[in-house]
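Chains Z and L, in that order, are what the protein sequence lines are. As numbered in the numbering used here, residues 8 to 504 make up the first sequence, in order. As numbered in the numbering used here, residues 8 to 504 make up the second sequence, in order.
Think of the hints as simulated: they come from the structure by calculation, not from any bench. As the structure is a prediction and not an experimental result, all values here were calculated from the model. Incorrect hints may have been included.
Identical copies look the same in the list; a pair holds intra-copy or inter-copy alike.
With a Cα cut of at most 27 angstroms, we get these calculated DSS-like pairs of lysine-lysine [to be verified]: (1) Lys383 x Lys178; (2) Lys260 x Lys107; (3) Lys107 x Lys433; (4) Lys94 x Lys107; (5) Lys501 x Lys383; (6) Lys107 x Lys383; (7) Lys144 x Lys94; (8) Lys235 x Lys361; (9) Lys144 x Lys178.
There are 2 protein chains.
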Amino acid sequence: MSDAKPPKKEKDPGHAAHARAAADVKRWSREADVVIVGFGGAGACAALEARAAGAEVLVLERAWAGGGTSMQASGQLYMGGGTPLQKACGFDDDPDEMFKYLVASCGPGADEEKLRLYCDRSVEHYHWVTGQGVPFKQSFLPVEVGTDPYTDDGLSYTGSELAWPFCEIAKPAPRGHTAQQVGENAGQLMLEILLRRAQESGAQIVTDALCEPLVVERDGRVVGVIAKIGGEEHAIRARGGVVLCAGGYIHNKDMVSRYAPRTRRVRFRLGCDGDDGRGIRMGMGAGGDAIRMEAACVVVPFSRNRGFIRGVLINAHGQRFCNEDLYQSLLGEIGLWREQGRIWLALDDAVYEKPQLPTEIAAVGETWEEVEREAKCFPPGSLSRTLAHYNEHTARGVDPQFRKEARWLKPLTTPPFVLLDLTLEKYPFWSAFTLGGLHTRPTGEVLDADGAVVPGLYAAGRNASGLPAHGYNSGLSLADATWSGRLAGTAAAKARR
Amino acid sequence: MSDAKPPKKEKDPGHAAHARAAADVKRWSREADVVIVGFGGAGACAALEARAAGAEVLVLERAWAGGGTSMQASGQLYMGGGTPLQKACGFDDDPDEMFKYLVASCGPGADEEKLRLYCDRSVEHYHWVTGQGVPFKQSFLPVEVGTDPYTDDGLSYTGSELAWPFCEIAKPAPRGHTAQQVGENAGQLMLEILLRRAQESGAQIVTDALCEPLVVERDGRVVGVIAKIGGEEHAIRARGGVVLCAGGYIHNKDMVSRYAPRTRRVRFRLGCDGDDGRGIRMGMGAGGDAIRMEAACVVVPFSRNRGFIRGVLINAHGQRFCNEDLYQSLLGEIGLWREQGRIWLALDDAVYEKPQLPTEIAAVGETWEEVEREAKCFPPGSLSRTLAHYNEHTARGVDPQFRKEARWLKPLTTPPFVLLDLTLEKYPFWSAFTLGGLHTRPTGEVLDADGAVVPGLYAAGRNASGLPAHGYNSGLSLADATWSGRLAGTAAAKARR
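For reference, chain Z alone in the conformation it holds in the complex (with noise of 0.2 angstroms):
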């Protein structure tokens, strides 16, 4: 047993859990009231804040600029609870509905605390984010994002607010609020205002600065971090504390076979490449606890085809597993973690049109017994019954069994009849990013397995687990980042000593 080896890395992630004793640091290079580890989404809003709580903040960003992952976002924000934008666009909505809505769709296990936080605060936000100069435009765009031709839209859904059961569970309201951009890079648009104002606000950003261990006093608490700044290592102190904030752990193999194996079946990885858990793996190295480090966002974009929710989605078993007109994140979520990624779509002519995003045909046959032959992937008579059945209440305008909503529902009767294959092996647009994270209060403040505070130290955005526990919604990443980023750079700047 003498030789087992660690499991082979494909790209080395570097190390970060190992903390340095203070004592081990001969001289700090320098120091600030807050040092923020990353300048995507959330270190930019701590950088704000911290700055408007008249901390002196440093900034560390590996990359030769900010931005990080929400600069590849779609510019969504998830807020509500009766925004300005929602009212202009003629919607009612308030927090106490935003909150059951948000339970229901991010648990199991949601942290009710950090969402009735951002509920009640969510119209507080908007104003925030937009008083740094995000623009919206005030405008509603009646299908969901990613699905139809850009627009520059403000407001749109972005989960599964009008679908069953949530729209039993909460009265609906668009709350997608998306910076005003043509097209799908409004977060780069967002993330560019957001890193100036950060600039301007007098916070010192050094890029290219690589974060290594975090530095620990006998005590535990955090007072600084090591860096790699032009090939050198420097001790860098925080008087009030560290924040981590450097994104989640997609591109981390290790780590997402470690802690979600589910998850590393999927092929495409959404992230930056500094997606690898190293803010993380800082935090768990200072005697944070990591929780949820199973959970992703899993996405499977087959309704880019807004017509093709009237199809059917079946499993192995030939069975329908749920109404088709949940969020792409959710029937991600379901279609791997219930159905192991084994997944198709049946279609008949009347539905069919060229797919958004390319797919292998399973089947098709002129009837369901014919595609069902053809497939020869379902147990026999299964993918037809299930049709049959579909068919024969769709006639009357009910889906009894899933509750489909009644505009999508219509008897696919139409040969030639089609079936899609969507299952991971076949369809390349399954993608995913992690959503686990080290375990925090709302302001961010860091505990250890215990629930005790680490003293001095603080995690935003992605490397903490956060509004979004275990279900996504669109717009949920961006709406952590710069809400977390906010809360932990104020307790920080608190904190200063």
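Add chain L to chain Z, keeping to what the hints say.
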């Protein structure tokens, strides 16, 4: 936000996650080569092997006597690959088939390195265990242990080896080796033997010794542990290493809520009072990485009445969702993770008998339509359609949908029909224990979040993520405890300086 409170604790699990700096230890009360935390199955075997390697051994047990959760177990060891008991009962097995089965049933993401080693050395482990004096009657019990009148037979199936799809993945063999004792308390017999042998080996056993944090040098090496003995705090030095063998965390509600929110819903928690995750938290506080913390063995023991396997399991959509002859721990996992604990069992009069575990009857009727109407919990027509389909095929002796073994197939056509309520809310016999723990090499060396060894620290049994990484078969707890305890004890003894 400054008044944010940590979550309420229903029972104080104590503080263990904040490691003590060695420089803060004024005096070592005592020392040993190998210090073992916990005297259950893993601790006893670690002690035996460390002693066999010539080390001075000190075991610290929080209770007034050893045994832990292993003592409450039903005394099965999952072993195979051609043990003398398997051979005596006429079963062929080989390590490769055992490996294939365990990889498939202990995933997703089973630790193949650990499984490979265990399968290759399982016969040797059998000899070691019997060499300690644990008796196995050389006889085969042709039903699952726990489902029938108690016997003292040695060998039985304790997993889904015979069920689809596993029967196609690996050649089935029974691998549950139960210590010879009439009834379900063979764990007590096995533990009494192992504890006595550990005591006779010259290991020092201190009971009523509650361990608190580990003691860590500035460079991260674990050099001892703080323990409360007789109300006084003692610092105990470990020259070779500390081996954590202190059990799982099913009785720590905060930890279960944080890491395994699904499991939180299971009412009956399997484990001794000490299963509050203390050992895992101690390890995390010293930089150890805890993995697969969402994993749990979840059991729904509906098949105590073996004939009930002839029934049909139904989900909330009125569908079948698996073959009913899967082992009870896999059914529990599927029932909880896939069906959110909302499952029912449909039986007819020819199959029905008084259930061995009392359960609520959801509905009775002369036709399945009547049962469905009375049950009021399924989409209209769904239950009756599912049963019609099942009956149609089983009348021909086949189950194309889920491939239940032919011996369990029987049309449910004899009225009256009955539906038993097995939902989490109504069936109180769902039970669970946690499987997640510290990330270790097969040797028991604890790894940090970078995948590097934490020097001086070892973990075994439920303090580590072991053979059953995610899925479970009965007998793997004691197999894992005894086997990983042996390896960790050996490794820590070798490391003594």
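Report the numbers of all earlier hints that the structure fails to satisfy, in ascending order. Violated hints: 5, 8; rest satisfied.
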